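*Asks:* Here the structure of chain A is known, so what remains is to put chain B in place on it, guided by the hints.
Protein chains: 2
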Amino acid sequence: MDNPSPEFSDQFRAEFDQLLSWRRDVRTFKTDPLNQEIFECLLRETLTNSPSVGNSQPWRFVRISTPQTRQLIRNHVEFENKRSAQIYEGKTAEHYNRLKLHGLHTAPEQLAVFSAMNPNEGKGLGRQTMPQTPVWSTIMAIHTLWLKARALGIGLGWVSILQPQEMTAILDCPEDWQFIAYLCMGYPKEESQTPELVRENWQERLPMEKLILQK
Amino acid sequence: MDNPSPEFSDQFRAEFDQLLSWRRDVRTFKTDPLNQEIFECLLRETLTNSPSVGNSQPWRFVRISTPQTRQLIRNHVEFENKRSAQIYEGKTAEHYNRLKLHGLHTAPEQLAVFSAMNPNEGKGLGRQTMPQTPVWSTIMAIHTLWLKARALGIGLGWVSILQPQEMTAILDCPEDWQFIAYLCMGYPKEESQTPELVRENWQERLPMEKLILQK
Numbered sequence: 010m011d012n013p014s015p016e017f018s019d020q021f022r023a024e025f026d027q028l029l030s031w032r033r034d035v036r037t038f039k040t041d042p043l044n045q046e047i048f049e050c051l052l053r054e055t056l057t058n059s060p061s062v063g064n065s066q067p068w069r070f071v072r073i074s075t076p077q078t079r080q081l082i083r084n085h086v087e088f089e090n091k092r093s094a095q096i097y098e099g100k101t102a103e104h105y106n107r108l109k110l111h112g113l114h115t116a117p118e119q120l121a122v123f124s125a126m127n128p129n130e131g132k133g134l135g136r137q138t139m140p141q142t143p144v145w146s147t148i149m150a151i152h153t154l155w156l157k158a159r160a161l162g163i164g165l166g167w168v169s170i171l172q173p174q175e176m177t178a179i180l181d182c183p184e185d186w187q188f189i190a191y192l193c194m195g196y197p198k199e200e201s202q203t204p205e206l207v208r209e210n211w212q213e214r215l216p217m218e219k220l221i222l223q224k
Numbered sequence: 010m011d012n013p014s015p016e017f018s019d020q021f022r023a024e025f026d027q028l029l030s031w032r033r034d035v036r037t038f039k040t041d042p043l044n045q046e047i048f049e050c051l052l053r054e055t056l057t058n059s060p061s062v063g064n065s066q067p068w069r070f071v072r073i074s075t076p077q078t079r080q081l082i083r084n085h086v087e088f089e090n091k092r093s094a095q096i097y098e099g100k101t102a103e104h105y106n107r108l109k110l111h112g113l114h115t116a117p118e119q120l121a122v123f124s125a126m127n128p129n130e131g132k133g134l135g136r137q138t139m140p141q142t143p144v145w146s147t148i149m150a151i152h153t154l155w156l157k158a159r160a161l162g163i164g165l166g167w168v169s170i171l172q173p174q175e176m177t178a179i180l181d182c183p184e185d186w187q188f189i190a191y192l193c194m195g196y197p198k199e200e201s202q203t204p205e206l207v208r209e210n211w212q213e214r215l216p217m218e219k220l221i222l223q224k
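In order, the protein sequence lines correspond to chains A and B. Each residue of the first sequence is one higher than the last, beginning at 10 in our numbering. Each residue of the second sequence is one higher than the last, beginning at 10 in our numbering.
Chain A on its own, in the form it takes in the complex (with noise of 0.2 Å):
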């Protein structure tokens, strides 16, 4: 039997808020160690509770530890990193290089995260017509995952900046799982209200007429 249906309080709702409004993408980490305890029970806990088109659960989460694998990732990102630097010219290349956009080499914790392309879990359904659906379950799963790892007080840093089919080869994942994203945790070293793309001008927030429209 199910519990009763809860009713969330005021104060609940503006403590969540603080939460969304308090999530950002940690770069820059200290080197203490998680307690592997709680680590092991938040990941556990975010794969149970995230949501999957189908109830496919597709998220497969790879924690990488062995230290000559994180060097070999750490490589490919800043290879990939000057590659991705040249698209800008003059100011906006040096404000490109003056960004940090990762916290590799101090996130005690690593995470590769791959998402399975066909899962027979769900039996297709809720995606023969749209095939990306068990991606955006994985990326559902990771939103948790970043939620509830800052009520803990712990950080994630998302990176992108790499080729995915190079992190499948690293890491030697089978062939249909698509490699999603790169995760840094670990406690931040300082926290912000602001997003690091609008603190260093790269990026300012849009005005919402641009974003809701009516039809």
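There could be a bad hint or two in this list.
Any copy will do: because identical chains look the same in the list, a pair fits if it lies in one copy or spans two.
[As the list claims (entries may be wrong)] EDC-like mimics (lysine to aspartate or glutamate), calculated; alpha carbons at most 16 Å apart, straight line:
1) Lys-39 - Glu-200
2) Lys-132 - Glu-103
3) Lys-219 - Asp-185
4) Lys-132 - Glu-205
If you are wondering where the hints come from, they were derived from the structure by calculation, not from laboratory data. The model shown is predicted, which means the values in this text are computed figures rather than measured ones.
*Replies:* Positioned in the frame of chain A, the structure of chain B alone reads:
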């Protein structure tokens, strides 16, 4: 200046876990309208506090109020659902046809969600190697909306049994927006902690050892 960084309490974390475990894909809605002020505030706050690659804010939410447009979309979903049902045979086909997969007939609020494919905002940061990252940012905005809505007692159902190009045409949206989801929102008729597809014996939860690996 930022406010001081918040510490979240055990009580908040327990309530947040409750929120995650009571967020459901809702397919049976009461017809009562939502309070417009609360609903509009919910949308604005969602789009202010969701993460996005390079802070590109690629999400475009379209509120669908016109009865004719809603009817066109219902017809399209029903057509596509009949097509989707054709991959199942025998008892699975009967089972599929018994599932209630959307609340389009009663949901008082309906939103089409699109993602700008190549927004100027963010100046391409973080998405040269992974061009899907703007779409994934939009997915996290939907997830934020889902959770914030549930905290207000409002249910959300995600409809994916439709053709993206057809939705772009019906809604006359720009070609460089990718259609992502059609969302039904309203007060749920019943609430449950157990996913509908688990209750209906369509798909059980997977064991953690399939989902968390170590390298």
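*Asks:* Would you mind marking each hint as holding or not holding in the structure?
*Replies:* These are the hints, each one checked on the structure:
{"no.": "1", "hint": "Lys-39 - Glu-200", "in the structure": "within (12 Å within a copy, 42 Å between copies)"}
{"no.": "2", "hint": "Lys-132 - Glu-103", "in the structure": "between (50 Å within a copy, 14 Å between copies)"}
{"no.": "3", "hint": "Lys-219 - Asp-185", "in the structure": "between (37 Å within a copy, 15 Å between copies)"}
{"no.": "4", "hint": "Lys-132 - Glu-205", "in the structure": "between (41 Å within a copy, 15 Å between copies)"}
The structure agrees with every numbered hint stated previously.
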